[in-house]
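Build out the structure end to end from the sequences listed, making use of the hints.
One-letter residues, chain by chain:
There are 6 protein chains.
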Amino acid sequence: MIRAFYVGRFQPFHYGHEKILNTIAEEVDEVVIGIGSAQKSHSTHDPFTAGERIEMVLKSLENFPIRHYIIPLQDVEYNALWVSHVKSMSPKFDVAYSNNPLVIQLFTEAGIEVRRTAMHERSIYSGTAVRKCMVESKNREWAEFVPSTVAEVIDDVSGICRIKRLAGNDD
Amino acid sequence: MIRAFYVGRFQPFHYGHEKILNTIAEEVDEVVIGIGSAQKSHSTHDPFTAGERIEMVLKSLENFPIRHYIIPLQDVEYNALWVSHVKSMSPKFDVAYSNNPLVIQLFTEAGIEVRRTAMHERSIYSGTAVRKCMVESKNREWAEFVPSTVAEVIDDVSGICRIKRLAGNDD
Amino acid sequence: MIRAFYVGRFQPFHYGHEKILNTIAEEVDEVVIGIGSAQKSHSTHDPFTAGERIEMVLKSLENFPIRHYIIPLQDVEYNALWVSHVKSMSPKFDVAYSNNPLVIQLFTEAGIEVRRTAMHERSIYSGTAVRKCMVESKNREWAEFVPSTVAEVIDDVSGICRIKRLAGNDD
Amino acid sequence: MIRAFYVGRFQPFHYGHEKILNTIAEEVDEVVIGIGSAQKSHSTHDPFTAGERIEMVLKSLENFPIRHYIIPLQDVEYNALWVSHVKSMSPKFDVAYSNNPLVIQLFTEAGIEVRRTAMHERSIYSGTAVRKCMVESKNREWAEFVPSTVAEVIDDVSGICRIKRLAGNDD
Amino acid sequence: MIRAFYVGRFQPFHYGHEKILNTIAEEVDEVVIGIGSAQKSHSTHDPFTAGERIEMVLKSLENFPIRHYIIPLQDVEYNALWVSHVKSMSPKFDVAYSNNPLVIQLFTEAGIEVRRTAMHERSIYSGTAVRKCMVESKNREWAEFVPSTVAEVIDDVSGICRIKRLAGNDD
Amino acid sequence: MIRAFYVGRFQPFHYGHEKILNTIAEEVDEVVIGIGSAQKSHSTHDPFTAGERIEMVLKSLENFPIRHYIIPLQDVEYNALWVSHVKSMSPKFDVAYSNNPLVIQLFTEAGIEVRRTAMHERSIYSGTAVRKCMVESKNREWAEFVPSTVAEVIDDVSGICRIKRLAGNDD
Numbered sequence: 001m002i003r004a005f006y007v008g009r010f011q012p013f014h015y016g017h018e019k020i021l022n023t024i025a026e027e028v029d030e031v032v033i034g035i036g037s038a039q040k041s042h043s044t045h046d047p048f049t050a051g052e053r054i055e056m057v058l059k060s061l062e063n064f065p066i067r068h069y070i071i072p073l074q075d076v077e078y079n080a081l082w083v084s085h086v087k088s089m090s091p092k093f094d095v096a097y098s099n100n101p102l103v104i105q106l107f108t109e110a111g112i113e114v115r116r117t118a119m120h121e122r123s124i125y126s127g128t129a130v131r132k133c134m135v136e137s138k139n140r141e142w143a144e145f146v147p148s149t150v151a152e153v154i155d156d157v158s159g160i161c162r163i164k165r166l167a168g169n170d171d
Numbered sequence: 001m002i003r004a005f006y007v008g009r010f011q012p013f014h015y016g017h018e019k020i021l022n023t024i025a026e027e028v029d030e031v032v033i034g035i036g037s038a039q040k041s042h043s044t045h046d047p048f049t050a051g052e053r054i055e056m057v058l059k060s061l062e063n064f065p066i067r068h069y070i071i072p073l074q075d076v077e078y079n080a081l082w083v084s085h086v087k088s089m090s091p092k093f094d095v096a097y098s099n100n101p102l103v104i105q106l107f108t109e110a111g112i113e114v115r116r117t118a119m120h121e122r123s124i125y126s127g128t129a130v131r132k133c134m135v136e137s138k139n140r141e142w143a144e145f146v147p148s149t150v151a152e153v154i155d156d157v158s159g160i161c162r163i164k165r166l167a168g169n170d171d
Numbered sequence: 001m002i003r004a005f006y007v008g009r010f011q012p013f014h015y016g017h018e019k020i021l022n023t024i025a026e027e028v029d030e031v032v033i034g035i036g037s038a039q040k041s042h043s044t045h046d047p048f049t050a051g052e053r054i055e056m057v058l059k060s061l062e063n064f065p066i067r068h069y070i071i072p073l074q075d076v077e078y079n080a081l082w083v084s085h086v087k088s089m090s091p092k093f094d095v096a097y098s099n100n101p102l103v104i105q106l107f108t109e110a111g112i113e114v115r116r117t118a119m120h121e122r123s124i125y126s127g128t129a130v131r132k133c134m135v136e137s138k139n140r141e142w143a144e145f146v147p148s149t150v151a152e153v154i155d156d157v158s159g160i161c162r163i164k165r166l167a168g169n170d171d
Numbered sequence: 001m002i003r004a005f006y007v008g009r010f011q012p013f014h015y016g017h018e019k020i021l022n023t024i025a026e027e028v029d030e031v032v033i034g035i036g037s038a039q040k041s042h043s044t045h046d047p048f049t050a051g052e053r054i055e056m057v058l059k060s061l062e063n064f065p066i067r068h069y070i071i072p073l074q075d076v077e078y079n080a081l082w083v084s085h086v087k088s089m090s091p092k093f094d095v096a097y098s099n100n101p102l103v104i105q106l107f108t109e110a111g112i113e114v115r116r117t118a119m120h121e122r123s124i125y126s127g128t129a130v131r132k133c134m135v136e137s138k139n140r141e142w143a144e145f146v147p148s149t150v151a152e153v154i155d156d157v158s159g160i161c162r163i164k165r166l167a168g169n170d171d
Numbered sequence: 001m002i003r004a005f006y007v008g009r010f011q012p013f014h015y016g017h018e019k020i021l022n023t024i025a026e027e028v029d030e031v032v033i034g035i036g037s038a039q040k041s042h043s044t045h046d047p048f049t050a051g052e053r054i055e056m057v058l059k060s061l062e063n064f065p066i067r068h069y070i071i072p073l074q075d076v077e078y079n080a081l082w083v084s085h086v087k088s089m090s091p092k093f094d095v096a097y098s099n100n101p102l103v104i105q106l107f108t109e110a111g112i113e114v115r116r117t118a119m120h121e122r123s124i125y126s127g128t129a130v131r132k133c134m135v136e137s138k139n140r141e142w143a144e145f146v147p148s149t150v151a152e153v154i155d156d157v158s159g160i161c162r163i164k165r166l167a168g169n170d171d
Numbered sequence: 001m002i003r004a005f006y007v008g009r010f011q012p013f014h015y016g017h018e019k020i021l022n023t024i025a026e027e028v029d030e031v032v033i034g035i036g037s038a039q040k041s042h043s044t045h046d047p048f049t050a051g052e053r054i055e056m057v058l059k060s061l062e063n064f065p066i067r068h069y070i071i072p073l074q075d076v077e078y079n080a081l082w083v084s085h086v087k088s089m090s091p092k093f094d095v096a097y098s099n100n101p102l103v104i105q106l107f108t109e110a111g112i113e114v115r116r117t118a119m120h121e122r123s124i125y126s127g128t129a130v131r132k133c134m135v136e137s138k139n140r141e142w143a144e145f146v147p148s149t150v151a152e153v154i155d156d157v158s159g160i161c162r163i164k165r166l167a168g169n170d171d
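These protein sequence lines map, in sequence, to chains R, P, Y, S, X and G. The numbering of the first sequence is full-length UniProt numbering, which starts it at 1 and goes up by one. The numbering of the second sequence is full-length UniProt numbering, which starts it at 1 and goes up by one. The numbering of the third sequence is full-length UniProt numbering, which starts it at 1 and goes up by one. The numbering of the fourth sequence is full-length UniProt numbering, which starts it at 1 and goes up by one. The numbering of the fifth sequence is full-length UniProt numbering, which starts it at 1 and goes up by one. The numbering of the sixth sequence is full-length UniProt numbering, which starts it at 1 and goes up by one.
Don't take each hint at face value.
Stated by the list, open to error - Taking lysine to any residue and the SDA-like style, the derived pairs with C-alpha atoms no more than 20 Å apart in a straight line are:
(1) S:Lys87 - P:Ile66
(2) G:Lys87 - Y:Thr108
(3) R:Lys59 - P:Glu30
(4) R:Lys59 - P:Ile66
Claimed, not checked - Residues from chain R that keep clear of chain X, each with C-beta distances beyond 12 Å, as calculated:
(5) Glu26
(6) Glu27
(7) His45
(8) Ser84
(9) Ile124
(10) Tyr125
(11) Glu136
(12) Glu144
(13) Val157
Just so you know, the hints here were simulated from the structure itself, not pulled from any lab data. C-beta: ideal position from N, C-alpha, C; glycine also.
Structure, rendered in structure tokens:
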């Protein structure tokens, strides 16, 4: 039995994350999904709360083929402690998946195997692009980037209204 | 659809928690289980990490009849912020279950319905009693208090050895 | 012009505090009143929020003869920084009033003059006694210890109900 | 009786703030003035301590027509907790005044009415402009932006010297 | 070359610590001495600042036979992160010396060798005993417990006066 | 006997720091060297842990003519408390050396004498330049900027590999 760890901010959860998780599902038996910067919300860079992001991931993985655990991870603002923080908050795991340079470096120094994930088209599969689209969208262009389950959560919390106002773009 | 919130320290998860969760399962459709004081571990009062406690709960609820979410909750050390902290970290919920006076008071002031859980025999169903037994056990007397799935997790991390040493009881 | 500094937890504001402030008013021109442990509330030791305590003090000092400033002070949990914290959060002051050994020592080491306040009968003029009475009161015995303005604030927030429940004394 | 809440960083208190407070005074009976980012000082963006800012506000509102309370508010760095933090530290209020998108969004989500304040000429009534002028002023050009009571406080703490040095502009 | 790590609160540094360090000096080539709970001071349990404790240790080890490093260590209040905290703040070390159950357990779980130190008479070689004596001493009985270099530091900061006042024992 | 205080981030320790320390050694009898932002590491701006930086400084000052103390200093994120933090963590000192505007301002306001250090060629003697060179170096061009003792520490922890990866420059 191999259990993987995969961390993201999921602001919001989009098709890029889904693709990576599908790849992970082919290679391991279980995956722990860490919701990074869990304490952050209500900014244009981090619009959604951890609870909202948990709902996005959960609903999008209804039919996910392998067992998965979702855990919010607050920042520690002290990089040298981050791996211990993750290990303390998470069920044990055997391998980590990431393309984030800091995450790769920290896990590697701690002797934990890290596997790179295939890079997908950044213009389509990027949180930055999705959030920019949310702020600027007249209709529901942003909904193209995310599973319909995620769009539901966002609508449910009036998320587009929130991010537009935070961007000073509400009129 | 009614979703409940139930928080405990689960140091360790024992039959008392299981009984309460079974009651909750009869009354609601889904339950969010908060792992309280998630940042605490390695003391006689809080021997296990949040990750270890998540494993205990997960494995013990394999056949649990309703959908459940498990989220670690770090302390905020500022009671007036606790309800907002919980709401920010958790999927939305409709009702909370608790017998803890502080939890009851805080949720009540925030306008959230709280249901008391039936009180079970404290000598058998109490974390304090289980931990005391762990420290003093010669054989595996403590294992009587917890599901076998929990005993497995504890054995896996040499938990009895850990709590005995922390209590200055290792020789 | 002499401005004094006086800090208390004011859980709740009672006649003992009032007596001390009256003494201070005779000796100086203005007083800064620090609400200590401002982030604490909802425990039997610290039942009221800083906001509630500010209301108690404000209303009780309606006719106070000298100008007064009320500032909430969060704990710093690092004694050597406490005087700098106070000085940073408060309008400048010339002298401090206290009977608290730690406060006296810290101000003294920082070169700030500290004046002791006359000690009043501890059984009547003590926060501990007032809170104990609140928890145990059948009628409104606790109201004897505090100005009627304070009793009003406490009633307004259902404070007796709160402290009784926190003490596990609500039935 | 209507009590309002108004928060600003007041780095420093200037005529723009005064205008807004005068408007508030026409609409409500009392106002709580929150000193935001209270723990910050000694940077070009936040040159003054909370204590210094309290003095600025107090002195400028000597003849203010309605009752006002001034409370320093330390940052919580966790937006979802901010409203609870404010409510815990402040006397109760009925309505908030703000033009800050984050403040508006957070209060609105918490069900608290927010009123926009009239926008005044940003080039004259802006903290950024005042601080830039302080750093660059040869004579006392900056004093045009603030009430004379504020200029007094700034002079009293050698504030121009401080901000110039912090900007690397002292020679 | 073997470098050891040894941590203590050193409130104050006394002959018990000196004995342990002499033993360590016989077994290794260098030693890192961690000043635990560095942020604590001005209480009867932790009377001295980290800076004062550094001076005590430094002066007492003037002629110490092996190279030694002294580093203050602030608490992290999150046991699972403590070893990473120590490793991040300290030059690399090969072995730890301790009799503290928590320290032993944490280093052991992290795969770091821990050596127990010989236990000395607790009534003579205990910080608790020294501090109790300081509070109660009429003459200089406490000075028997500590190197003269430590007594000098304590006198220099009026340490006995400080601890007596903090204990409410100053008259 | 005059003891100085000198603080830097030492990311990494380079010839510029060595020059300044040599100047200090000519003017005072002892020096406390504070390792600033001690909790930061594993970023391109702060690549090395406090422990690694302590090793760099220690080894580079093997033959330093005056007695020196090295203490890691975690950030307090509250400028008005910084001087008290430093004084609490450090052996007493008489004078501070710095060219940092914030450090100069804070010590000056606290009544501590600050001496400017001679400015050396910024292109050669700057941490920013050294780190940029580390990220871009094909061979060991960065090693020109630092004492060979520092290069050894960096090699020992695979520091160049670390900073290159953190910069997204590893291929």
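| Is the hinted pair S:Lys87 and P:Ile66 satisfied, with a Cα-Cα distance of at most 20 Å? | Violated, at roughly 37 Å.
| request: May I ask you to check that R:Glu136 keeps its beta-carbon over 12 Å from the closest beta-carbon of chain X? | output: holds, 41 Å
| Given hint P:Glu30 paired with R:Lys59 - CA-CA distance at most 20 Å | holds, 14 Å
| Is R:Val157 truly not at the interface, in the sense that its beta carbon sits beyond 12 Å from all beta carbons of chain X? | holds, 31 Å
| request: Grab the minimum beta-carbon distance between R:Ser84 and chain X and tell me whether it stays above 12 Å. | output: violated, 4 Å
| Against chain X, does R:Glu27 keep a CB gap of more than 12 Å to every residue? | holds, 28 Å
| Once the closest CB in chain X is found, is it more than 12 Å from R:Ile124? | Nearest chain X Cβ is 38 Å from R:Ile124, so the label holds.
| task | Decide, holds or violated, for the assertion that all CB atoms of chain X are farther than 12 Å from the CB of R:Glu26. | result | Holds: least Cβ distance 32 Å, greater than 12 Å.
| Agreement of R:Lys59 and P:Ile66 with the hint, judged by alpha carbon distance not exceeding 20 Å | holds, 16 Å
| request: May I ask you to check that R:Glu144 keeps its beta-carbon over 12 Å from the closest beta-carbon of chain X? | output: holds, 41 Å
| Assertion that R:Tyr125 lies outside the chain X interface [Cβ separation over 12 Å] | For R:Tyr125, whose nearest Cβ neighbour in chain X is about 33 Å away, the distance exceeds 12 Å, so it holds.
| task | Over 12 Å to the closest beta carbon of chain X is the bar; see if R:His45 clears it. | result | The claim stands: R:His45 keeps its Cβ more than 12 Å from every Cβ of chain X (closest is about 26 Å).
Of the numbered hints stated above, those contradicted by the structure are hints 1 and 8, listed in ascending order.
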